[in-house]
Structures are given as structure tokens and as C-alpha cells.
Amino acid sequence: MNEMHPLALYVPLAPLAGAIVAGFFGKAIGRAGAHTVTILGVAVSLLLSWLIFQDVEGGKTYNAAVYTWATSGGIRFDVGFLIDKLTVTMMLVVSFVSLMVHVYTIGYMAHDEDNWPADSLAGSHSYQRFFAYISLFTFSMLMLVMSNNFLQLFFGWEAVGLVSYLLIGFWSVRPTAVYANLKAFLVNRVGDFGFLLGIGLIAAYCGTLDYVQVFAQGQKLAGTTVELIPGSAWALISVVCICLFIGAMGKSAQFPLHVWLPDSMEGPTPISALIHAATMVTAGIFMVSRMSPLFELSQAALSFVIVIGAITAFFMALIAIVQTDIKRVVAYSTLSQLGYMTTALGASAYSAAMFHLATHAFFKAVLFLGAGSVIIAMHHEQDMRRMGGLRKYMPITYLTVLIGAIANAGLPPFAGFFSKDSIIEAVHLATTPGAGFAYALILAGVFVGGFYSFRLVFFAFHGQERFRQAPAHDSHAGGHAAHVAHEAHEAHEAHEAHGHDDAHGHDDHGHHGPVEPKESPWVVTLPLVLLAIPAIAAGWLIGPVLFGGYFGGAIFIAPEHPAIATMAKEFHGVLGMIAHGLQTPPFWLALAGAATAWYLYIARPELPAVIKEKSGVLARILEDKYGFDRFNDWFFAGGARLLGRGLWKGGDKGLIDGVAVNGSAKVVGWVASLVRLFQSGYIYQYAFSMIIGVFVLLTLWLNRA
Amino acid sequence: MTGLPLLSLAIWLPIVGGLLVLATGSDRNAGLARLLALAVAVAGFLVTLPLYAGFDAGTSAMQFGELREWIPRFNVHYRLGVDGISVLFILLNSFITPLVVLAGWKVIEEKVAQYMAAFLIMSGLMNGIFAALDAMLFYVFFEASLIPMYLIIGVWGGPNRVYAAFKFFLYTLLGSLLMLVALIWLFFQSGGSFNLLDWHAMPIPLEAQKLLFFAFLAAFAVKVPMWPVHTWLPDAHVEAPTGGSVVLAAIMLKLGAYGFLRFSLPIAPDASRELAWLMIALSLIAVVYIGFVALVQADMKKLIAYSSISHMGFVTLGFFIFNSLGVEGALVQMISHGFVSGAMFLCVGVLYDRVHSRQIADYGGVVNTMPKFAALFVFFAMANSGLPATSGFVGEFMVILGAVKHDFWIGAAAATTLILGAAYTLWMVKRVVYGATANHHVAELSDIGAREFVVLGLLALCVLGMGLYPFPFTEVMHASVDNLLKHVAVPKF
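Sequence order for the protein chains is A and B.
With my numbering, the residue at position 541 of the first sequence is 541, and numbering never jumps.
With my numbering, the residue at position 16 of the second sequence is 16, and numbering never jumps.
It is worth saying that the hints were derived from the structure and are not from the lab.
Be aware that one or more of the hints could be misleading.
Incomplete in silico selection of chain B near chain A, CB under 8 Å [what the hints assert, rightly or not]:
| hint | residue |
| --- | --- |
| 1 | Val293 |
| 2 | Met398 |
| 3 | Ala415 |
Calculated lysine-lysine pairs in the DSS-like style (CA-CA distance at most 30 Å, straight line) [to be verified]:
| hint | chain 1 | residue 1 | chain 2 | residue 2 |
| --- | --- | --- | --- | --- |
| 4 | B | Lys486 | A | Lys220 |
| 5 | B | Lys210 | B | Lys492 |
| 6 | A | Lys27 | B | Lys372 |
| 7 | A | Lys569 | A | Lys60 |
| 8 | A | Lys392 | A | Lys518 |
| 9 | A | Lys60 | A | Lys220 |
Every residue gets a Cβ at the ideal spot worked out from N, C-alpha and C, and that includes glycine.
Take these sequences, add in the hints, and give me the full structure.
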């Protein structure tokens, strides 16, 4: 138990080394050098993770410190690794998807110089910089998942946030990008605020931040009550878990802290796939699973988790329906799927959440990278209204996206079916208060999921070829639905940066003439195919992973939460699950969603516009994304500035300087005007002699007697 | 360490060196003045290294002690010594000085020798403050250090420099006059001793302790500065030349905080405990109120000045929650703030030297013309926002942990800095660094040269190193901090 795997340290260090070389010596080693060294680093991570997996599979767990970061207040803060099934699963997912994304990036960023103004030095080695960032991300994410303590967890947590910030704002000349990255960072910081308080409570009551030692004191925390608000006593464990979960809500974009994720699509597509779909945003899911020994002790926290998850799963899926930007559809789909995982956590089905995390990483990476492949072919056009009929031109992309969509919709026998179905079943069986509510929402979400997934496929790849038409007046530059919301308050200062027209002014070279789409090069399609394979097949591992005790001691489930155990009893192999699945509502709901998409976008393509017309307010609400962005900009961004200005002008300038210092300030002014007369320009020499004089005179004069 | 008076060297080498620099005279010898100043500053830093290397972290006793009679009539001694609380600040101060000399290398073209000398002399005087164990000696150093800073602002400052210099001088001088009264009272009360360690041990009635506490508060709160006596700082920063701002933020603000640990807490422990609520409240106001004020600043230097006040709020908060996480976190925060705020002011200086404006609105898209600078600026901004793996995180993290331990809601109020600090810092970064090239001034910018790169790069290494491995810093503090906390916990009346 208390030993270090001899290879563990090299898993995160290999991509770090790649990032350092590509980042600091990018100019010297050139483009090929940069992508070679970073791909090599990540490949080493994947290989080592696989070797470590072999050992962990054999039943071993590793837990040891690398070095002591600091000591204070009787607490030793370590940097160290805990490697068990949970960790090694994440290590494999992260390094595999990261490797695919690295390769894909070679194709995607090949012409990145087009995205920069000619005279921008920031754009001069942007290719190398991009590789440095995604390798740095891989390092941070690995540090996060491999941690054996809360300090390092928080390190990784914020470090992935930093890289996300750098990558969302990668095309820093676009006002939308640098608006989105600031927003992402700040919203995440709101989550981290709760997270840090949770960690603080753990440190205060457990006297350690080491996972194993904290988990051992779980019962003590459950037995302690605190009265944070006078008159209402809470179990300490509930406060701790809810605080920690607020962190997860930020990182995993759960309602109402979800607002940053759709905007994060401003970043280049490879990172949308890697960071904002497959790995970083699942950090919250991983974290709660890791903390299962704590969450299991708090019914209140689990209820909170399940309700938040279900709200996210359903309501975010609804927004995906009205999006026309291909990346934003996938982004809202990601939000919804993260909601499913969170709901599973609340139902104590941690293994189901982790399983869905893994399958989702594959099929969502496929969807994003597929969308990216389309975007390359369309010369950076992202609006699906300007696509259509692409399947003829891009067969590989089409097929892989179709696979991703089927998996995302949760249709058998693709990966998403197994993981999503297990979540729905677990929530059905769960006894957590709020589970009934959650069950209804996530069931309804299945229909919506089926609809938006196939809408994307049909809208972009089937039907009329719309890309040859002259650009419609309103569909320039990706036609973000966000526009609708923003027009209402364009004068608002916060939106100084939201001029979409400028934002894309430089990269719309493809918009003017007709586009002739063609399949992307192999560096793009190969990762798509390699990711599509697990998107199809990863689900078949459900038997051992979910019901075979794969996670072993890494996940703790209290005896009073029997959902997974019950399901295990009823599980009779993959084929049995498919056969059973065909008789249950989720399957038919997903199918109905797909059929509706077919009807609306292939059979009667004129209908969506009519429906939108008729549903007036409802469509507006969805296009407005329930008004969150507007409210946040008005209340938080605007309110903070108003308050700041009030305190500054009223407090500092008015009261303190104006009233209190006023009198003395006048005196100062008067004295100053006098002294100015004497300022010969050599006053400093006198002053220096004065310092010396102080010493000399004091000594001489006082020692006289 | 073999009998060399290391502390005296740390104090007098820069002062004597500064006088030599001054002796190079007019600006015809500016080149010589610069080189000599750099040599003195580097030597001044080198002589402080043995203080860390030879420091015994196992004891809370004063080390490297020196004792000479100075004014026997009043029993005033030249008494020096350092413990785990003060030793790091002497190193920090001596480390910052060469950087400041380098930062003013090209920009200062007039009265070069005097400028360099002022910084060297100030550096020595401030080392004296951290090393003095005799109250009179402390007071003399404390007051004397005002003069060079006053001159730096008043002579090499901006257009409104005279106003700012006087505001700075009077504000801080008035505060310390009350302290002088307290020192004289203590002298008589102790039967004629200015030895700080005697005063630490001396019993004092509670009411008297309270008066003493407020007298010290007047001096130190202005210096930190704490809300509501902070309004001199933004003015001073705006008018000060870059080097002045760096020293002001990196070292001078620490003098007040250090005073709390050396005077208020050990001399008036019972009053400190009784009045902790007040100090905590003022600290939290600094963190939250000033955070909002920083958000709306249009002048980069003002923004960073307010950010400094907010960060120093963490320091005073950490002191008055009376647990070792809090106090050690506060000390770490002080050192980190020395690196980070110093670097932030240097960054603004780099821009100011080129464009001659500190207004955020005059910039935009700096990364397009100064990518190297932008990378460093963003890095320091992240440190200023308390990102883990930078030094800015360590102190904040420890203080928040300590505060949660003390009281959940105090911790929660302090933790709002996670959001506020990131908001004001990164919003500035967004408007200055990112975006399209805003105007022809930005388009004509040239990236940082070797000298600027070395200065900022060294600070970046410190920020990163301390963020990744703060162990060497926390390790030397334990014994002294534990001893102080034990001392504060025991009533002495």
C-alpha cells in the first residue's frame, strides 16, 4: 500500500517535459520538432499508464509521497500519488484521448497563421505554443487524478483551469475569445471558492489533507455537527461535501455554474474535445467518485448532487435543440451528459458515473473532432445552416460522427447505451431523496438527447447542400445564438468585447466564394477512427467494470444505497442487457427522438422554421439560454463594478480622503507650497546628511553627560 | 559565520556603498554610478546569504546577535539579532535591491548617482529595521527609512509628486509619533530599558496594554496600510518612479506588518487578543472592500496598489487569528507579495517606459508586439490571483485554512479573494495584453530587452520556486512562530 510505483512519476513528467521543450524552444525546434516531442511525451504517458494498469489490475494499490511541499500548523502538505483502479482508469482515458488530440492537432492547426493578423508576433509560433499548452494540460490533469491528497488535487484543479484559460483565449486577437476565457476562469473560481472552503474544513477538523487519513475520519465528521447559521445545526460531513461539490459544479459545469462551457467553444476545436468534453470537465465527476467515502455519509449532499445533476442533464439538452453552431450543439450535449454523470453520483452509482465518463470521453471526443473536421472542410464555417449534404464529401468524418451520435443518443449496442442505461436504472433504484424527480428529468432527457444528436447528423451531413448559397445576411461568423441575447443590451459595458463581427473579421476568407468541401487529411481522420472504435465497443466492458467489482476498494458505497448491487444481481451479460434494454422506455425515447429529428430535418425540412415561429416565447427562452448570461452580466459583472465605484468614490475619495483627511490635506498643500520655494534640486544631499546627522548628533549629544 | 558581524554588514554595506555612489557626483559619471551601485547591491545581497545558510531553524532565540553600547545615558544599545520571523525579510530586501538598480538602469537619466544611492541607503536602513532589537535603534531606522523614499517620490516622481510625497511622509510620520510616545512610556515602565526582549517579558496591566496597542496600531496600520488609513498608498504609487513603487510594495509595506509581530503581539498580548475582532474586521474590509475598489481602477498602478492593500489584508488577518497556519501563512504571503507586487509594478514600468501612460484604456493587444513580456505579465498576474504553483497561492491558502479553522465565515469572507483577486487582475490583463492591437503606440512597442528579461525572469523563478516548494520558507519560521503564539496565549498582567 505505502509504496510508490517506480514508473508513476514519469507519467505526468513526460508531457511536462514535452511542454517545456515546445514552449520555450519552439522557435528553435520548429513545428515538426514541437509536435514530435509533445506527442512523444504523451505517448510515454499512455504506455506507462498501461504498464501501471497491469500492476493495479493484479490487485496492487500504490500510495506514497513524492516530496513534502510545506509544513505548518501540525499539518504536513505533501505532493504524492495514490494509484488504484479509479486513478489508473483516468490515467488511461486522459493519456489516450490526449494522444489522439495531439495527432489531430497537426492537421487542425496546420494553417493557424491564417487565424492571426500578419503582424502579430503572438501568432508567429502559435503552432508550437498550442502543442506546449495541450501537453501542459495533460501534465496538470494527470497530477490532478493521481493525487493522494487535497492540496495536490487543488493544484491540478486550478492548473487545468489555467490551461483552459490560456487555450480558450488562444486566438487572443478575437474579443469573443478573451471574453470567454475570462468568464470561464471567474466562474470556475466561484466553484473553487466553495472547494477551498471544503478543503479548509477538512484541514481544520481532520488535521491532515491526505485522502486515506481523511477517509478514515469520515465517521467522525459525520458525527460532528456545526452551527454555521445560528439555530440550524448541520452534520459537518454535509457541509464539507456540499462545499467540495460546489467546486465540482464549477469545473464540471453544473447548473447554475454551467455558463462558461458554451462560451469556451471560442477555443480551437482540439481543446474543446480534450478539455471541454473528454477530460477536464469530468474532473468534478472524478473528484466526487474519489470522495465517495465522504459523500456516502451525507444524505443531504447526495440529494443536492442528484438534483443539480438532473436539472443540468435535462435543461441543457433542451438548449442544444435550438443551436445552429455545430460546436455549440456538441457543447450543450456535453453539459447534458455531465449532468447524467452527476445524477449517477447522487444515486451512489459512482462506478456508473465513471463508466459513463469513460465512454463519453470517447464518443464526445469523436463528435468534437468530427465537428472540427467539418469546420476545416468548411473553411471555419460553423453554422449548420450553411452546411448540409456533407456525407458525400467527407465519408470518414460522416461515419465517425454518426457513430458518436448514436453513442451519445444511448442506442444499443454502442458504448453510450450501456453507460447511460446503467445511470438511468441506478437513479430509478436509488433511495436518495430527490431521486424520483431526477429520474423523470433524465428520462425526458433521453428523448431530447436522441433528437439533438441526430439533428446534428441530419442537419450537417444530409439534405440540401446549402454551402454554395450566398451568405445569408444574418449568418456571418458562426451565427451564434448568443447574438439574440446580446442585442438587447449591446450598450452594456461588459459586452464591449462581444463584437462578433470584428471577432471573425479576419478568418472569414472562406465565406465569400462557394466552398468545395473535401475529406480531411489522415492526421485528422485517423484519431477519429481510433476514437470511434471505443465509442462503439467500450460499453461491452460493462460487466466487469460496473458489476464485477472492478473499482474494488477505490469506491465506497454504503450498504443503504444498494442500487448498483441490485443491478448487478439482475445483470446477465451484455446481450441480456441489450435485450432487456429494448423493452424499456429509454430505448424507445431515444429512438423517438431520432425519428423526430429525421422527420423534421430530412422528411419535412421546412417544418423547423414553422415550429420556431409558432413556439415564440419558448424558442426565445431557449435561444436566450434561460437568460443566465444576461442576468450574470447585469447582476454580477455590472453589480460588482457599481459597488466598486461606489466604495471608491463614496468611501475612499468621499469619506476617507474628503472628510477625514481633508483638513490635514489642506495643511499639506499649504506646507508643500512653502517648501517648493526652497526646493533647489539639491535637497536630497541635505537629506542624506540628515540621516547620518541623526546618528552622529544623537550619539555625541546624548553621550555628553 | 566565524564572528563576522553579518547583520551589521547587511545594514552598513549598502549604506556606505550608497555614500560612495553619491560621491561619484554629477551625471557625467552616470555610467560609473550605475555599475558601482549594482556591485554594491549584489554584494549586499551576497552578505545576507550566510544568514540563511547558518540559520538554526531549531530555536526561537535571536541569532547572529550583536551588542554595543550606543547611548549609555539612556541605556540605548546597538543591539541586533534575527529570528525566524525577521531573517527572511532581510534576504528579501537585499534581493530586491539589485533588481531595483537594474530596473532604473536606463530610465533614470538625471541625478543617477543620487537615485541609486537613495535606494542603497534605504535598503540598508530597512535591513536595520528588521535586525534591530533595541527599540530606539528600531525607531531611528524606521523613521530614517522614510527620508530616502520621500526623496525618491519627490525628486524622481510624476507630475503630482510633491503632493504625494508629503501625503506619504506626513501620514506615516504622524502615525509613528504615537509609537514614540509608547516607546518612551515603556522605557520608564521597564526601569530604563530599550531592550525589546525585556519588554516582551515585562508584565503590563490590560488597560495600559490597550493604549500601547493603539499607539503601535497608529504607526503600523498606516504603514501596512490597513483600511481606513490606506489612501496615501495609491497616490504614492502613482507618483513614484517604478523602482520606488517596487520597494514601497515589496519591502516598505512589510515594515508595518513586521511591527505587529515584533511589538504589538508580544508586548501587548492580552490587548491583542481582546482587540483581535477589530483587526480581523479591518483586515476583511481590506480584502473585500478594496477588492471591489481595485476592480474599477483605470490606472494600472492604482489597480496594483489597491491589490497590494487587499493582499496585505491577508497578512494582518493571518496574524490575528492566532494559529500557526495563519501567522506562517501571513509571513509567507509577505514574502510572496514582495516578489509578485514588485514584479507587477516592474511590468507596468516596462509599459510606461515605452508609452508613457499607465491608463489601461491606452493599451490593448500588447501580446501582439511583446509576446515575451506578455507571457511574464500573465504569469505574474496569475500569481497575483493566487494560482497554485505560484508563491501567491501559498500564503493565501495557509491563511484561508487557518481562518476556516478559527471561524468558518471569516474563512469564507477571506476566500472571496479567489474571485475578486482573479477578477480585477485578469480583467486588467484582458484589456491590456489581449485583443487586437489597439493603437499605433501598441503597434510600435518593442519587446523586453535582456536587462528587463533578467529582472523579470529572476522574479518569475522566485515566484515559481516558492510556489512549488515553499518548504524552505516555512521551515525556518516554525520555532519562532510557535514561541510567539505560546507567548501571546499567556496573560501577562
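Hint check results:
Taken as an interface hint, B:Val293 checks out: its beta carbon lies about 4 Å from the nearest beta carbon of chain A, inside 8 Å. Contact between B:Met398 and chain A, as hinted, is supported at the beta carbon level, the nearest pair being about 6 Å apart and thus within 8 Å. Interface hint status for B:Ala415: upheld, as the beta-carbon distance to the closest one in chain A is roughly 5 Å, under 8 Å. Between B:Lys486 and A:Lys220, the direct Cα distance comes to roughly 29 Å. Compliance with the 30 Å bound is thereby established for this hinted pair.
Proposed proximity of B:Lys210 and B:Lys492 is supported: the alpha carbons are some 13 Å apart, at most 30 Å. For the given pair, A:Lys27 sits about 13 Å from B:Lys372 by alpha-carbon distance, which is consistent with the 30 Å threshold. Taken as a hint, the A:Lys569 and A:Lys60 pair is honoured in the structure, with Cα atoms around 27 Å apart against an allowance of 30 Å. About 9 Å separates the Cα atoms of A:Lys392 and A:Lys518, which keeps this hinted pair within 30 Å; it holds.
Of the pairs offered as hints, the one joining A:Lys60 and A:Lys220 holds, with about 28 Å between alpha carbons and a cut-off of 30 Å not exceeded.
Of the numbered hints stated above, none is contradicted by the structure.
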